[in-house]
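Asks: Dock chain one against chain two, each of which comes alone in its own frame, and use the hints as you go.
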Amino acid sequence: MWVIYKKEIRSFLSSLTAYIVMIVFLMITGLFMWVLGGNTVFDLGLSSMSVMFNIAPYVFIFLVSAVTMRSFSEEKRLGTLETLSTRPISDLGVILGKYFANITLVVFALIPTLIYYFSINELGDPKGNIDTGAMWGSYFGLVLLGAAYTAIGLFSSAITENQIVALILSMLLCLTSYVLLGMLGDIKWLESIGKSIDWFGLDYHYYSLSRGVLDTRDVVYFLGFSAMFIWLTKLVYESRKW
Amino acid sequence: MSIEVNQLTKRYGEQVAVNSISFEVRKGEIIGFLGPNGAGKSTTMKILTCFIPPTEGSAKVCGFDIGENSIEVRKRVGYLPEHNPLYLEMFVKEYLRFAADLGGVKKPKARVQEVIELTGLVREQHKKLKQLSKGYRQRVGLAQAIIHDPEVLILDEPTSGLDPNQVVEMRDLIRQLGKEKTIMISTHIMQEVEAICDRVIIIDKGNIVANDTLDNLRNKDNASFAVRIQFGSAISEQDLKQISGVTQVLKTGENQWRIEGNIPELRQNVSHFALANNYEVLELASEKNSLEDVFRKLTGNVGNI
Numbered sequence: 009m010w011v012i013y014k015k016e017i018r019s020f021l022s023s024l025t026a027y028i029v030m031i032v033f034l035m036i037t038g039l040f041m042w043v044l045g046g047n048t049v050f051d052l053g054l055s056s057m058s059v060m061f062n063i064a065p066y067v068f069i070f071l072v073s074a075v076t077m078r079s080f081s082e083e084k085r086l087g088t089l090e091t092l093s094t095r096p097i098s099d100l101g102v103i104l105g106k107y108f109a110n111i112t113l114v115v116f117a118l119i120p121t122l123i124y125y126f127s128i129n130e131l132g133d134p135k136g137n138i139d140t141g142a143m144w145g146s147y148f149g150l151v152l153l154g155a156a157y158t159a160i161g162l163f164s165s166a167i168t169e170n171q172i173v174a175l176i177l178s179m180l181l182c183l184t185s186y187v188l189l190g191m192l193g194d195i196k197w198l199e200s201i202g203k204s205i206d207w208f209g210l211d212y213h214y215y216s217l218s219r220g221v222l223d224t225r226d227v228v229y230f231l232g233f234s235a236m237f238i239w240l241t242k243l244v245y246e247s248r249k250w
Numbered sequence: 002m003s004i005e006v007n008q009l010t011k012r013y014g015e016q017v018a019v020n021s022i023s024f025e026v027r028k029g030e031i032i033g034f035l036g037p038n039g040a041g042k043s044t045t046m047k048i049l050t051c052f053i054p055p056t057e058g059s060a061k062v063c064g065f066d067i068g069e070n071s072i073e074v075r076k077r078v079g080y081l082p083e084h085n086p087l088y089l090e091m092f093v094k095e096y097l098r099f100a101a102d103l104g105g106v107k108k109p110k111a112r113v114q115e116v117i118e119l120t121g122l123v124r125e126q127h128k129k130l131k132q133l134s135k136g137y138r139q140r141v142g143l144a145q146a147i148i149h150d151p152e153v154l155i156l157d158e159p160t161s162g163l164d165p166n167q168v169v170e171m172r173d174l175i176r177q178l179g180k181e182k183t184i185m186i187s188t189h190i191m192q193e194v195e196a197i198c199d200r201v202i203i204i205d206k207g208n209i210v211a212n213d214t215l216d217n218l219r220n221k222d223n224a225s226f227a228v229r230i231q232f233g234s235a236i237s238e239q240d241l242k243q244i245s246g247v248t249q250v251l252k253t254g255e256n257q258w259r260i261e262g263n264i265p266e267l268r269q270n271v272s273h274f275a276l277a278n279n280y281e282v283l284e285l286a287s288e289k290n291s292l293e294d295v296f297r298k299l300t301g302n303v304g305n306i
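Sequences listed follow chains A and B, in order. Position 202 of the first sequence, counted from 1, bears residue number 210 in the working numbering, the numbering being contiguous throughout. Position 29 of the second sequence, counted from 1, bears residue number 30 in the working numbering, the numbering being contiguous throughout.
So that you can see chain B by itself, here it is in the shape it has in the complex (with noise of 0.2 Å):
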């Protein structure tokens, strides 16, 4: 087990921003942690990261407690925290340097050449942090994560602030990281989890509200089917109800509805009332049902997302 969180509560005076979790991360596996906003998620890595202590709980990083093994642990984890924050005044290289020696890497000149080439920061290597864009700025936060080899590596948003290009390259980069490391990434946006995880954990004020693979969640009881359709001429609302099968309606725009429903049969049955009443249908398209699906109904945040 790489990481093993075992009823970690954390509490900030009366608030309780973690609330008595447990999970675990296996060698190699890539873990989405998903959650909205104040969801606990940076308080959870911060503790794994040795920042600030639980309140009550233990976690282990690589088998070594992270209250009594505190150095230990940090020796094996490589941590990016949401704001990537750095010394603006600093080379690249000398960053990068100094990282690498806090790090106790061995050969600290070749070890950074090496990330640096790895992260695709070769053509800004001999500028000053501040003269970066964001998109380096956290390739840089990236490099400084992996440069003493660790084995696990936690990312707070990587890709939060980035355009959809870096976005892209960074999770390339991630993807790439995740053969040889474990990683668990903090996010809140879907796709991110869709386009690297093996493993999705859901936090939502403080508590885990699903842990599970994203096939299983997709198709899980809470899963919904959604078909989206425009007519010829106006229908009414009562008629598409009718529908065996469909739990909501929701009118998206002229003569078009998304409708949901509870059965895979659903675009059948929506097709075949069409055909049935002689309505004449410009467009109709199944909507695969989307993590954010799943995402808004765990955390309650139904149409408000």
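One chain only, chain A, in its complex shape (with noise of 0.2 Å):
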């Protein structure tokens, strides 16, 4: 597994993929924080991060992605999943392998943004005076959230040798997975059944987690999220064995 982990990560490193992901992350995040849009920090006059946080979901449905829709489709049209599966390695080492590469990645496209925090907390009036409880459940709740995105997006590079495919696919399935259910729960005729379709997207738990709060309910939720399309890219990776 960690074999295939180091492989990633060096191709991350010299296709520049990794570079370009942490600026754009921190370009988007740090536009909408500071710049533009009429929430920024200094319209809303609040010493907290929650702009960024709101806003990196969405940044991250895009980079995630992309980043993603290439792990198994290339290798499909390249036919290196031929020589990879016939190494002595398990199928799930490869996927997971590659799923922590990308998580990885996810964790250093949020390193930056800490300089966000290091800034809001001089601003602060009195200085200091920022919820840094409130700011690492959030950043948890974004590794987590990443990590559940990476699992989608994984599955969806392992259906087609198309990257296209796999990125819109993976798009629209982290989209429904983060703010659609929550919509669908805020239906007028679903009412009664509203708080449970809620409670399976993905925006419920990264709201509870970023309130500072760590409830082992949410990070098993996300947990079990990641491990089920996890299992999910594993049935379609055997599915050359059907």
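By construction, these hints were calculated from the structure, which means they are not laboratory data. One or more of the hints may lead you astray.
Think about it this way: if two alpha-carbon atoms lie no more than 20 Å apart in a straight line, the pair counts; the simulated DMTMM-like pairs of lysine to aspartate or glutamate are [as the list claims (entries may be wrong)]:
# : chain 1 : residue 1 : chain 2 : residue 2
1 : A       : K249      : B       : E57
2 : A       : K242      : B       : E90
3 : B       : K131      : B       : E95
4 : A       : K135      : A       : E16
5 : A       : K14       : B       : D102
Replies: In structure tokens form, the structure reads like this:
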């Protein structure tokens, strides 16, 4: 598994993917946080990073899907899946190697945004007036969310050898799990089961974590969500054997 | 036994790719796996390398079952797939290192260097894979297949698409490797089999139609003899057919003929015929019954190769 992990990380670094992801993420969240949209830190006058944490899940939908789309599609198209899956490594090892490499990229995209935390911390009145607990909770939630998106992305990529199809499918699935489920819960005539539908959405658990309370139920939900898509990926990956 | 295949069948839906084939490969043998396109060569190889499972039947590689002990099998098999897929963005060394790590090689760095030297990649070792020519890519493909020092090598059309020099170099490499390893190579080029293989298995439409040494195949009753002849003047086909032992007469050019027969004395008979009738003979040569003829006969593609 770690051999695959290493290879994926190297290819992120050598293909500039890693840098582009970090820069794009920092740029978009930075713009919305400080400059654009009328909801900036200065407009709101709050020493909080909620702007970033609200926008980040959407940026991630795009970025994570874009990065994961090649994971299996490209191997399929090049045919390297054949050499890869005839080496002494389990199918799950291949998938997990790619999964953790992509999560690492998510974490590295988040690290530079810590600058925002220190900036707001300095700008606060009085200085240091920021809800650190909520912030760490949100970061933790974002990593888990990124992991969930990654699992979706890998699954989409395993399905097709066309990267564009993988990208669109992945974005659709991410969007569905993040917002559409929540919206579904708001529909009037579904009111009776609205709460349970909400519960299945990623956003429900993400916001629960971002309050700064580490609820094991949320963590378990995220891990289960990832595990489910990893399992689906494995199913698709092994479909050559059917 | 390095490879034991027992009534292996692979069906894709309705279509039967491999139809209950059985064969064995002894340790150290170089086996040529021969057949027209779509005969089931690649499918068999994909099954033996644990890429796809068989529909029915079983196979063992180095004593391990491909289904139950797939990982053990993969540790002992080096595989070069048909189109030699490579990560084109990677460097030669980087890719071989990756292959070595996946194969669980103990001292990967030293082994990568060793394999680079063995496959003649020294001058190309710092290049990216996409910068390499087809011949060198094929060498990289072979290098990744042998990097974990497998007991069995399965090479799917290792020389396809190479220029004549590269083909010769590739064959030399394979022959050299064959001193220590069991090798199964698929091809539809007869000279290749003649050049490197100890034994040949011919497969057609999913069935094994021959499994024998080269000499035995040539001398079997399905073998034939042929004579190439050029006369100084026109001769009628009917006359040529009168020669004893002749089975077929083909006109190949102006006064040129290819005469096929089923007895070893064909050439003498043709010569006697010319002398007796006082025909002028410009050229007369015996054509060695080639494996191509055997192949065409066995795979039912006579005159259509």
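Asks: Going through the earlier hints one by one, which of them does the structure break, listed in rising order?
Replies: When the structure is compared with the hints, numbers 2 and 4 turn out to be violated.
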